[in-house]
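*Asks:* Chain by chain, the residues:
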Amino acid sequence: MAGIVGYGAHLPRHRIKVEEIAKVWGADAPSYKKGLMLREKSVPPPDMDTITLSVEATKNALKRSGGIDPADIGAVYIGSESHPYAVKPSGTTVAEAIGATPDIHCADFEFACKAGSEAMFVALSHVDAKAMPYALAIAADTSQGAPSDALEFSAAAGAAAFIMGSKNLIAEALYTHSYMTDMPDFWRREHRFYPMHGGRFTGEEAYFAHTKGASKAIMEKAGMKPADFKYAVFHQPNGKFPQKVAFDLGFTQQQIDPGWLSPTLGNTYSGASPIGLTATLDVAQPGDLILMCSYGSGAGSDSFVWKVTERINEVRDLAVRTRKLLEENLIYVDYGTYAKYRRKIKMND
Amino acid sequence: MREVCIVGVGMSQWGEVWRMSLRDLHTQAALRAIAAAGVDHLDSLYVGCMTGGLFVGQEHLASLLTDYMGMAGLPAVRVESACASGGMAVRQAFIDVGSGTSDIVMASGVEKMTDCSGGDATYALATAADQEYEVFNGATFPGLYAMMATAHMAKYGTTREMLSAVAVKNHHNGSMNPDAQYPFKVSAEQVAKSVMVADPLHILDCSPITDGAAAVIVTTVDIAKKLGKPYVKIIGSGAGTDTIQLAQRDDMTTIKAATIAADRAFKMAGKTIADVNLVEVHDCFTIAEIVVAESIGRYKPGKAGPAILAGETALDGKFPMNTSGGLKSKGHPVGATGVAQVIEIYKQLTGQAENGRQVAGSPKVGMTQNMGGSGGSSVVHIMEVA
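Residue numbers (my numbering), protein chains in the order written: chain D, 1 to 349; chain G, 350 to 735.
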């Protein structure tokens, strides 16, 4: 089956701590830190959006792709909840920026937080069908969370890009599975800036039911069990959920550790499990099996079984590692700066 | 008036019951009560529900629910008195049977509270307060009960430890109740350190929002004997009201509606509080249990807190209160709560309380006290073993 020939991530340098947000709203920081296992989150500065994040992540993916010609990329798909335009694709700008135009198919994907893995799913399918030599899938978000809402403590920014191909693979997609039901757990109506959510309903019936459903189904399809995997990456709306679903399914902390970024990254929405996959590939060894499972409200999960190849050792350090983006060279901002960056302050016209 | 009794009871699943709607919950509880009583028909239904309209957009419940029980045609009516709706439904059934109008009546209660947001639920519950004078000015129920707690503390020296003791006791009891929403124990330290909601009330001082239904079959003693199922007599029923607005009361450290309801129920029963072996009271907040224990006459003003702290109201104490876990641990689907209180007393008086929750010494007389809003209404029932 097809797989990944190049991968890369990009994260903003800016961070805000849970305590800083809690202080402004009179919220209980320890309960967020303990209950949701969130410590800080990334903040996109004013000149960063889903498109610029996507370009940076794709440039890193190209660095690891073995020198492919961007003109050979037959499709660019970006999954996001924060496409800068309601009408005008993000993908056109990204494709132009990397030199992949004009003979290329483009679509922006939307499925709450699993838009990114949808892009991966479709890109893989094109390559598998031999419709094109390469397809680019990007998962990127500058997530929205309403001021003082629980989501504000987690909504973060980041991107991951994957160039799918059929030769010179870094990781082969051995199996894929999609699992979906109609579920009103989280939504954003047209012309509304912030999403709404069903509070605790978004846990058991939504996130956990679908991530478990997709994970169990793909393991059954593959004839595999948790112990067969070296690593696992789950959608991470906070620190707690991916850990709980991992433990419930029988995975260990060691298996999720490399891709468990949310305690200090926050929830990068469409980017969450794809960015987690980039961090996992950064430390994986040839032959390792990785389970990846996204989650998007509405609701559904895409699961993938990746098998890492020998080529990982050649490419992992051709671009910046995701943990380095997460942990180094950080700028901490106060709530006022964050509010300015996230355009939460009403300005005069 | 004919002798009236409870002969069969049923609870739906309680908690955050995402996969059941209001009608599902009610039907589950109703069919369980019918099966437990072994009755082959009903003559009427009284269903308590505070605000199906605001929680799930559904009114006209009596007809809807009889339809889903497979009993369209049954005379039925919804009873509403805020959080006392369930207890008031039991009272209507009691009067219906006692008067000789009906022989076999279901009293039930239901509320489906988690289909809306926390904000919407707070708004819906706040409709039990005075919209013009309280809610308009920003009061919520935690805020109103916090004011009562502050006043009680100032006047009688009631302490944080006494409030916490209510939650600790009720969670201990609820940990043995298979129907409880939160069947776990909490420590006094956990209560005191939990998130502040409205000073001095922390989140573990507050009852939760809950999906749930409860139903009982009310009939005559003669019919109950023929059915051959365990039954308990309702020997007293009393209701009372007070100003809905807290600020209009002479004294916000007592709940006059509960006093009136208890006095009337005792008068009908020919009993006094000294005859009561155990009671289910409306502990929507920890302070409410303290205030009610005084308002029904069991403790003098200011004395309930120390008594609870000393263990007098524990399962093995002199006066067990909220053996079910109360609203605090068992949950509080507002329309169903009053009926579920009656179910707990039924279980205790018939020796059917589960998992070591049974009060020792074969209690003979039990009491329920259900309350609407911050005490704008209350209903009390006195029950006795057959």
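It is possible that part of the hints are untrue.
Below, a sample of chain D positions facing chain G; criterion: calculated Cβ distance under 7 Å [to be verified]:
#1 Glu20
#2 Asp28
#3 Ser31
#4 Gly199
Pairs of lysine-lysine, DSS-like flavour, derived with a Cα cap of 27 Å [to be verified]:
#5 Lys542/G / Lys244/D
#6 Lys534/G / Lys240/D
#7 Lys713/G / Lys33/D
#8 Lys167/D / Lys244/D
#9 Lys534/G / Lys34/D
#10 Lys23/D / Lys542/G
#11 Lys346/D / Lys221/D
#12 Lys244/D / Lys534/G
#13 Lys17/D / Lys542/G
#14 Lys34/D / Lys542/G
#15 Lys667/G / Lys713/G
#16 Lys33/D / Lys542/G
#17 Lys542/G / Lys240/D
If you are wondering where the hints come from, they were derived from the structure by calculation, not from laboratory data. Even for Gly, the Cβ is constructed at its ideal location relative to N, Cα and C.
*Asks:* Look at each hint and say if it fits the structure.
*Replies:* Status of the hints after comparison with the structure:
Annotation: Glu20/D was flagged as interfacial toward chain G, and the flag is violated, the nearest CB pair being 19 Å apart, outside 7 Å. Contact between Asp28/D and chain G, as hinted, is supported at the beta carbon level, the nearest pair being about 5 Å apart and thus within 7 Å. Evaluation of the Ser31/D hint against chain G yields a held restraint, the C-beta minimum of about 6 Å falling below 7 Å. Residue-level restraint check for Gly199/D holds (minimum Cβ-Cβ distance to chain G is 6 Å; threshold 7 Å).
Only pairs whose Cα atoms come within 27 Å are accepted, and Lys542/G paired with Lys244/D is accepted, the gap being roughly 25 Å. Restraint check for Lys534/G and Lys240/D: satisfied, since their Cα atoms lie roughly 23 Å apart, inside the 27 Å limit. Straight-line distance between C-alpha atoms of Lys713/G and Lys33/D comes to about 50 Å, which puts the hinted pair past the 27 Å bound. Proximity of Lys167/D to Lys244/D is assessed by CA-CA distance (about 36 Å); at most 27 Å being required, the pair is judged violated.
Restraint check: the Cα-Cα separation between Lys534/G and Lys34/D comes to about 20 Å, which is no more than 27 Å; the hinted pair holds. Distance hint between Lys23/D and Lys542/G is fulfilled; the C-alpha atoms sit about 18 Å from each other, no more than 27 Å. Annotation: proposed proximity of Lys346/D to Lys221/D is violated, straight-line Cα distance about 52 Å (limit 27 Å). Restraint check: the Cα-Cα separation between Lys244/D and Lys534/G comes to about 22 Å, which is no more than 27 Å; the hinted pair holds.
The hinted pair formed by Lys17/D and Lys542/G meets the criterion: a straight-line CA distance of about 23 Å does not exceed 27 Å. Straight-line distance between C-alpha atoms of Lys34/D and Lys542/G comes to about 14 Å, which keeps the hinted pair within the 27 Å bound. This hinted pair checks out: Lys667/G and Lys713/G have alpha carbons roughly 14 Å apart, not beyond 27 Å. A threshold of 27 Å between alpha carbons decides the hint, and for Lys33/D with Lys542/G the separation of about 15 Å falls inside it, so the pair holds.
A distance of roughly 22 Å separates the Cα atoms of Lys542/G and Lys240/D; the hinted pair therefore holds under the 27 Å criterion.
Consistency with the previously given hints fails for numbers 1, 7, 8 and 11, ordered from lowest to highest.
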